[in-house]
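Colleague: What follows is the residue order along each chain.
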Amino acid sequence: MLQRLLGTFSRRAKRTHLGHGSSAPDLESPGRKVSSCLDANLGTAQALRGRGEDVVIRQLRLGKDQRLRAFLLFVDGLVNKDMIARDIIDPLLRVTNPSMGKLSDLVRHGILAVPSLKEATIWSQVLAEVLIGETALFIDGEPHALVLETRSWQTRAVEAPNTEVTIRGPQEGFTESLRVNTSLLRRRIRNADLRLEAMVLGRRTGTKVCLAYIEKLPEDRVLQELRRRLERIDPAAVLESGQIEKLIEDCSWSPFSTVGATERPDVAALRLLQGRVAILCEGSPFVLTVPHLFMEMFQSAEDPYIRRIHAVTLRCGRFVAWLASLLSLSFYVALETFHQEMIPRPLIITMMAAREGTPFPVAVEVLLMGAAYEIVREAGSRLPRPVGQAISIVGTLIIGDAAVKAGLVAAQVIIVVAFSAVASFAAPALTQPSVLLRLLALIFTAIIGFYGTAIFFAGLLVHLASLRSFGVPYLSTFVPTAVETPRTMPSEPLPVWSILTCPEETAPRDPAGNRAGTDRGGSENGGNTTT
Amino acid sequence: MKPLDEGRLTVRQAVLLMVILRLIHVIVFLPELTSPPANQDVWISEIISLPIVFLLALPVLALTSRYPEHSLVQQAEVVLGPAGKVIGFLYAWFFFHFTAITLSKVGLFMTAAVLPQTPLLAFTLPLVIVGASAARNGIGPIGTIAEVLVPPILLVVLLVPVLAIKDFDLRMFQPVLENGLGPVLHGGGTIAARMAEVAVLGMIAPLLRRKDKATRVAVGAFTLATFFVLLVTLPVLGVLGPEESRSRTFAYFTLIRMISIGEFVERIEMLHVLIWVLGAFVKLSVWYYLAALALAQATNLPSWRPLVLPLGLLAVVLSIYQFPNLPALIEFASYRIWAPYVLVFTTVIPALLLLVTLLRRTGRRKSG
Chain H
78 MLQRLLGTFS RRAKRTHLGH GSSAPDLESP GRKVSSCLDA NLGTAQALRG
128 RGEDVVIRQL RLGKDQRLRA FLLFVDGLVN KDMIARDIID PLLRVTNPSM
178 GKLSDLVRHG ILAVPSLKEA TIWSQVLAEV LIGETALFID GEPHALVLET
228 RSWQTRAVEA PNTEVTIRGP QEGFTESLRV NTSLLRRRIR NADLRLEAMV
278 LGRRTGTKVC LAYIEKLPED RVLQELRRRL ERIDPAAVLE SGQIEKLIED
328 CSWSPFSTVG ATERPDVAAL RLLQGRVAIL CEGSPFVLTV PHLFMEMFQS
378 AEDPYIRRIH AVTLRCGRFV AWLASLLSLS FYVALETFHQ EMIPRPLIIT
428 MMAAREGTPF PVAVEVLLMG AAYEIVREAG SRLPRPVGQA ISIVGTLIIG
478 DAAVKAGLVA AQVIIVVAFS AVASFAAPAL TQPSVLLRLL ALIFTAIIGF
528 YGTAIFFAGL LVHLASLRSF GVPYLSTFVP TAVETPRTMP SEPLPVWSIL
578 TCPEETAPRD PAGNRAGTDR GGSENGGNTT T
Chain V
31 MKPLDEGRLT VRQAVLLMVI LRLIHVIVFL PELTSPPANQ DVWISEIISL
81 PIVFLLALPV LALTSRYPEH SLVQQAEVVL GPAGKVIGFL YAWFFFHFTA
131 ITLSKVGLFM TAAVLPQTPL LAFTLPLVIV GASAARNGIG PIGTIAEVLV
181 PPILLVVLLV PVLAIKDFDL RMFQPVLENG LGPVLHGGGT IAARMAEVAV
231 LGMIAPLLRR KDKATRVAVG AFTLATFFVL LVTLPVLGVL GPEESRSRTF
281 AYFTLIRMIS IGEFVERIEM LHVLIWVLGA FVKLSVWYYL AALALAQATN
331 LPSWRPLVLP LGLLAVVLSI YQFPNLPALI EFASYRIWAP YVLVFTTVIP
381 ALLLLVTLLR RTGRRKSG
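Chains H and V supply the protein sequences, listed in that same order.
Each residue of the first sequence is one higher than the one before, counting from 78 in my numbering.
Each residue of the second sequence is one higher than the one before, counting from 31 in my numbering.
No wet-lab data here; the hints were simulated from the structure.
In this text, a Cβ means the ideal position worked out from N, Cα and C, and glycines have one as well.
Some clues are possibly wrong.
Short, incomplete list of chain V residues facing chain H, as computed with Cβ under 8 Å [what the hints assert, rightly or not]: (1) 40; (2) 156; (3) 175; (4) 304.
Here are the simulated DSBU-like pairs of lysine-lysine, each with C-alpha atoms no more than 35 Å apart in a straight line [said to hold, decoys possible]: (5) H:195 - H:293; (6) H:293 - V:243; (7) H:293 - V:32; (8) H:158 - H:195; (9) H:285 - H:158; (10) H:141 - H:158; (11) H:195 - H:110; (12) V:241 - H:293; (13) V:243 - V:32.
Construct the complete structure from the given sequences, taking the supplied hints into account.
Modeller: Shown next as structure tokens:
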């Protein structure tokens, strides 16, 4: 017996030695079972710990005569230590006369005050649980480990989101904790039909990813396609939902994103109610939603909460501002180089006077100032706030004002570049794609005037019209749902321009008899409802 | 026989597509002014052309209701058997030829009116590349593009008469019916015969989301198109007068050039060029797509996509060689050549097909 034990030990030791640094691959092989011999398990656990100084193995001797041995395995920092001491160790030590079989029963049903408890017979299972903060309890003679829920780690509190600021509407934002995020969704959709499907992505990081949708609302097509794509990808690491987005999007070279991301639980909940699927990722406050449509770029988070007439006006305004930010540089270049006759006479005289003595062609001037602006913006957005202000002063005063005074560029170029820069922030989701598109439009226009602008615009439209997000055309107004409603599935789809006039503010109505929400909960709990 | 394209059009998109096909030619070349009666009564001919075009579209509409699943090219093969392939090739040529003509139009107009020193290819090549990507994507995206682009164009066409109203002179329309009803009727006939959209209807009918709506598309498209053509012709006639407008190559362009309100809204002809190029792009993609589709259907290819690029290259070559200059294009586009050429494809061939169908009594049984 002793010999055998020693044998196991030395074997373990050798393995540890060999597998030093790597994660001891044979231990994680899924088939490896938890032994009924405590010492074997202890050996495995110690081998696993290796240099992991935060892995704690707490050995216990139970019973009056302390004959029964057991040990706890957990990771310090991921667990609530108070809870382990108070609700696990203390009750275990109080057990007076345990016999082997009985203790297991007692533990399972009686004495431990933990919220959830399950059995794991395979080491890889045990490890997966321990690494997210659960505690594994091994008892001598039991061929399995009991996994006790003790998870408790530091998270950021729920704060107002930084990226999507609203005046009206809830001020909660998602955090880095998946559990908190799912709770934020659950709190908004109090409906048993809200499904949360868990999966693990990332070969090395083992990141927990969660699909959220409302049962029977998304089209099967979309859901299956999403599952297929998620199963097909096999990233080494997932640290942020953006990495998943890049792997599952439809068209990776397009400047437009076909997967939506939001930091706001109310927006995510609305998207779910509209028949979309959300992807929550551990460690990321950005929740992905698919399918993602072009119209969502012009939809601000508070559109559904403000009066419709203002929502429509603002959305049209955002669209016009986006077009202006895209095309104002090109229009200016086209007017000044190709079609001067369109500029009113007093204005063209002033403009020509301002251009007097500037060395470069108009297109080059615009390109230079546009590039300078992008550099200032990029530099300013990643810096700590005090330094950022310095950058903006340098940007506006030195680069803008001095360039004109020095006679490098005409003053009107600064005006146009600044206007297009400000306009590009009206639809924040489109700020990034606009940089590229603006440059393209500028090049086309610099070559052949308004004709080039028209060709650029036509090309952009062809791209947008052919783009799809999980099978739904990018330019459509609604995401089709599996529930047929008069609103989402008219015999003829709504025209493209209803993107602007018809805010997608409400969820599709369920057909009669399938009322979602608290109604059903009430009738289930309270029995009869009077109607 | 499948329609090859799984994309579908809504009635609204189909109507907008067909309206823009007609309007794009009109807002630059305005061929109505030089066809009979070629005087101040042109607008009456335009109104008369509306019922006539419905008559001319009857064979196509009858065929589509008999074979709702098949395009014009496929109907020819169903009705005539292998001999129908000849007709399929004829239609492929027809659409291909119109692709080249559209390219010529853009190139020649831009070099003539906007940027005279630029070589023609600088205009046609970028356009054909964008058109090719649209044609490859199929009818669904083309319909969406039309839905985005056509309403603003129609808005501008609606706006121009309002802006030009202060120079409008009703006396320009007198005397009404100067030479009697005959020339006006003749004019109505030629205007109706020019409408190649009838053949387009025959091709896109099986691609409609609701196949029973082909007649509604025809009614909507022809009525709207005639309305907008009137909105173009009336101000031109009323401001410039019949003689002046006839002598101008681009009468509508001249009219827009004349608009000047409060020293603010003036010299807006670039707006015209902009919307015209965008509209011509939609038009080009439709012809281009139909050329590839018709050829693919005639040869029973599984897809039209591989045909797009070769056809585009050929169309560029043809667009350069067919019309050496603008007068040659205008000569071809006049009612003497254009109207009978189009009439063969819009009415004569479909009427023959319909006749054979009726004689052999096949259609209904197959469709039912």
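Colleague: Residue 243 of chain V and residue 32 of chain V were given as a pair; does the straight-line alpha-carbon distance stay at or below 35 Å?
Modeller: Holds, because 19 Å separates the two Cα atoms, which is no more than 35 Å.
Colleague: Would the hint linking residue 195 of chain H and residue 293 of chain H be met if the CA-CA limit is 35 Å?
Modeller: holds (31 Å)
Colleague: Please verify whether residue 241 of chain V and residue 293 of chain H have alpha carbons no more than 35 Å apart.
Modeller: holds (30 Å)
Colleague: Regarding the pair residue 141 of chain H and residue 158 of chain H, is the alpha-carbon distance no greater than 35 Å?
Modeller: holds (25 Å)
Colleague: Hey, residue 158 of chain H versus residue 195 of chain H, does the alpha-carbon distance stay inside 35 Å?
Modeller: The hint holds at about 19 Å.
Colleague: Under the criterion that the straight-line Cα-Cα distance not exceed 35 Å, is the pair residue 293 of chain H, residue 32 of chain V satisfied?
Modeller: holds (33 Å)
Colleague: Would you mind confirming whether the straight-line C-alpha gap from residue 195 of chain H to residue 110 of chain H stays at or under 35 Å?
Modeller: This hinted pair holds, its Cα atoms lying about 16 Å apart.
Colleague: Does residue 158 of chain H sit within 35 Å of residue 285 of chain H, going by the straight-line distance between their CA atoms?
Modeller: The hint holds at about 23 Å.
Colleague: Taking the least C-beta to C-beta distance, is residue 304 of chain V closer than 8 Å to chain H?
Modeller: holds (5 Å)
Colleague: Closer than 8 Å between Cβ atoms is the bar; does residue 156 of chain V clear it against chain H? Give me holds or violated.
Modeller: holds (5 Å)
Colleague: Can we keep the residue 40 of chain V interface hint, with Cβ of chain H closer than 8 Å?
Modeller: This interface hint holds because 5 Å falls under the 8 Å limit.
Colleague: Do the numbers back the hint for residue 175 of chain V, that is, is its least Cβ distance to chain H under 8 Å?
Modeller: holds (5 Å)
The earlier numbered hints are all upheld by this structure, with none contradicted.
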